[in-house]
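Student: Construct the complete structure from the given sequences, taking the supplied hints into account.
First to last, the protein sequences are chains X and B.
Numbering (the working numbering) for the first sequence: 1 to 115.
Numbering (the working numbering) for the second sequence: 116 to 232.
Where hints are given, some of them may not hold.
Stated by the list, open to error - Each computed PhoX-like pair below joins lysine-lysine, with the alpha-carbon atoms no more than 25 Å apart:
1. X/Lys49 to B/Lys170
2. B/Lys156 to X/Lys22
3. B/Lys157 to B/Lys179
4. X/Lys58 to X/Lys69
5. B/Lys157 to X/Lys77
6. X/Lys114 to B/Lys156
7. B/Lys179 to X/Lys102
8. B/Lys156 to X/Lys49
9. X/Lys102 to B/Lys129
10. X/Lys114 to X/Lys77
11. X/Lys77 to B/Lys129
12. B/Lys181 to X/Lys22
13. X/Lys69 to X/Lys114
14. X/Lys69 to X/Lys22
15. B/Lys157 to X/Lys49
16. B/Lys157 to X/Lys114
17. B/Lys135 to B/Lys170
18. X/Lys22 to X/Lys58
19. B/Lys157 to B/Lys135
20. B/Lys181 to B/Lys135
21. X/Lys114 to X/Lys58
22. B/Lys157 to X/Lys22
23. B/Lys179 to X/Lys77
If you're looking for bench data, these hints aren't it; they were derived computationally from the structure.
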Amino acid sequence: AQSVAQPEDQVNVAEGNPLTVKCTYSVSGNPYLFWYVQYPNRGLQFLLKYITGDNLVKGSYGFEAEFNKSQTSFHLKKPSALVSDSALYFCAVRPRRGGGFKTIFGAGTRLFVKA
Amino acid sequence: GAVVSQHPSRVICKSGTSVKIECRSLDFQATTMFWYRQFPKKSLMLMATSNEGSKATYEQGVEKDKFLINHASLTLSTLTVTSAHPEDSSFYICSARTSGSSSYEQYFGPGTRLTVT
Chain X
1 AQSVAQPEDQ VNVAEGNPLT VKCTYSVSGN PYLFWYVQYP NRGLQFLLKY ITGDNLVKGS
61 YGFEAEFNKS QTSFHLKKPS ALVSDSALYF CAVRPRRGGG FKTIFGAGTR LFVKA
Chain B
116 GAVVSQHPSR VICKSGTSVK IECRSLDFQA TTMFWYRQFP KKSLMLMATS NEGSKATYEQ
176 GVEKDKFLIN HASLTLSTLT VTSAHPEDSS FYICSARTSG SSSYEQYFGP GTRLTVT
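Tutor: Right under this line is the structure:
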């Protein structure tokens with residue numbers, strides 16, 4: 001079965017330190033990869049996507065993600081965390097072919113950035 | 116970027132009543148709309164996929180007679196929770212996608228918090 005794994009329920013980091021939120025996937029082919037952020041009682045906001053090309057993708061609010069095909073990973077990173085980055089982050093994967101083209105979401109990782 | 120709105124943002128209703136949630140794509144035509152349900156501190160659960168002008172496709176375990184979805188136009192989809200019960204209380208999020216070369220993009224609404232008393 002196709003799946004997306006975010007192994008950490010929660011990530012704690014001090015403000016100013018680098019952060020990483022992990023994501024691995026088990027989806028056939030070369031899927032589209034996404035990261036979304038959700039603030040309390042809000043919908044999902046798009047952060048970045050990988051479609052093709054350079055493995056390092058830069059997105060909104062200083063976030064970036066690195067696609068690693070051999071490890072089927074798409075970890076989200078930021079060089080210097082802000083308290084305002086505290087939120088719930090979702091990794092999502094969408095097959096390019098088949099599967100009804102449905103987006104598969106990870107379980108989410110809650111990021112806490114401490115001042 | 117593309118904007119998706121949802122109305123209402125928050126609704127409280129009594130058990131046994133029906134509630135309608137609207138999802139609109141404001142500046143693009145949404146050939147496909149998705150309805151998700153999110154439980155507290157959980158991921159999004161896809162409920163159904165709807166294409167404009169055709170019947171929605173429901174995910175396994177989702178009661179189509181309870182969660183009525185209508186996608187009458189390219190900018191509007193509605194989710195009606197019929198005979199609501201407290202266990203239907205949840206955060207409902209819609210998402211829209213266009214056709215064409217950008218069809219991998221999904222745009223999410225802000226969500227609707229439903230509380231059934």
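Student: Taking the hints in turn, state whether each one holds.
Tutor: A quick look at each hint next to the structure:
For the suggested pair lysine 49 of chain X and lysine 170 of chain B, the alpha carbons sit about 30 Å apart, so the restraint of at most 25 Å is broken. Proposed proximity of lysine 156 of chain B and lysine 22 of chain X is supported: the alpha carbons are some 18 Å apart, at most 25 Å. With a C-alpha separation of about 22 Å, the suggested pair lysine 157 of chain B and lysine 179 of chain B falls inside the 25 Å cut-off, and the hint holds. Taken as a hint, the lysine 58 of chain X and lysine 69 of chain X pair is honoured in the structure, with Cα atoms around 17 Å apart against an allowance of 25 Å.
Proposed proximity of lysine 157 of chain B and lysine 77 of chain X is supported: the alpha carbons are some 22 Å apart, at most 25 Å. Restraint check for lysine 114 of chain X and lysine 156 of chain B: the C-alpha separation of about 20 Å stays at or below 25 Å, so the hint holds. Under the criterion of a C-alpha separation no larger than 25 Å, the hint pairing lysine 179 of chain B with lysine 102 of chain X is consistent with the structure, at around 19 Å. This hinted pair checks out: lysine 156 of chain B and lysine 49 of chain X have alpha carbons roughly 23 Å apart, not beyond 25 Å.
With a C-alpha separation of about 33 Å, the suggested pairing of lysine 102 of chain X with lysine 129 of chain B is violated against the 25 Å cut-off. With a CA separation close to 17 Å, the supplied pair lysine 114 of chain X and lysine 77 of chain X stays within the 25 Å bound. At most 25 Å may separate the alpha-carbon atoms for a hinted pair to count; lysine 77 of chain X and lysine 129 of chain B exceed this at roughly 44 Å. For a cut-off of 25 Å, the pair hint linking lysine 181 of chain B to lysine 22 of chain X is broken: about 37 Å separates their Cα positions.
Our distance criterion of 25 Å between C-alpha atoms is broken by lysine 69 of chain X and lysine 114 of chain X, whose separation comes to about 32 Å. With a CA separation close to 14 Å, the supplied pair lysine 69 of chain X and lysine 22 of chain X stays within the 25 Å bound. For the given pair, lysine 157 of chain B sits about 22 Å from lysine 49 of chain X by alpha-carbon distance, which is consistent with the 25 Å threshold. A hinted pair counts as satisfied when its Cα atoms are at most 25 Å apart, and lysine 157 of chain B with lysine 114 of chain X qualifies at roughly 23 Å.
This hinted pair checks out: lysine 135 of chain B and lysine 170 of chain B have alpha carbons roughly 17 Å apart, not beyond 25 Å. Annotation: proposed proximity of lysine 22 of chain X to lysine 58 of chain X holds, straight-line Cα distance about 16 Å (limit 25 Å). For the hint pairing lysine 157 of chain B with lysine 135 of chain B, the CA-to-CA distance comes to about 23 Å; that is within 25 Å, so the pair holds. Distance check on the hinted pair: lysine 181 of chain B and lysine 135 of chain B sit about 12 Å apart at the alpha-carbon level, within 25 Å; holds.
A C-alpha spacing of about 24 Å is found between lysine 114 of chain X and lysine 58 of chain X, which places the hinted pair at or below 25 Å, so the restraint holds. This hinted pair checks out: lysine 157 of chain B and lysine 22 of chain X have alpha carbons roughly 17 Å apart, not beyond 25 Å. Restraint check: the Cα-Cα separation between lysine 179 of chain B and lysine 77 of chain X comes to about 40 Å, which exceeds 25 Å; the hinted pair is violated.
In the structure shown, a violation is registered for the earlier hints numbered 1, 9, 11, 12, 13 and 23, in ascending order.
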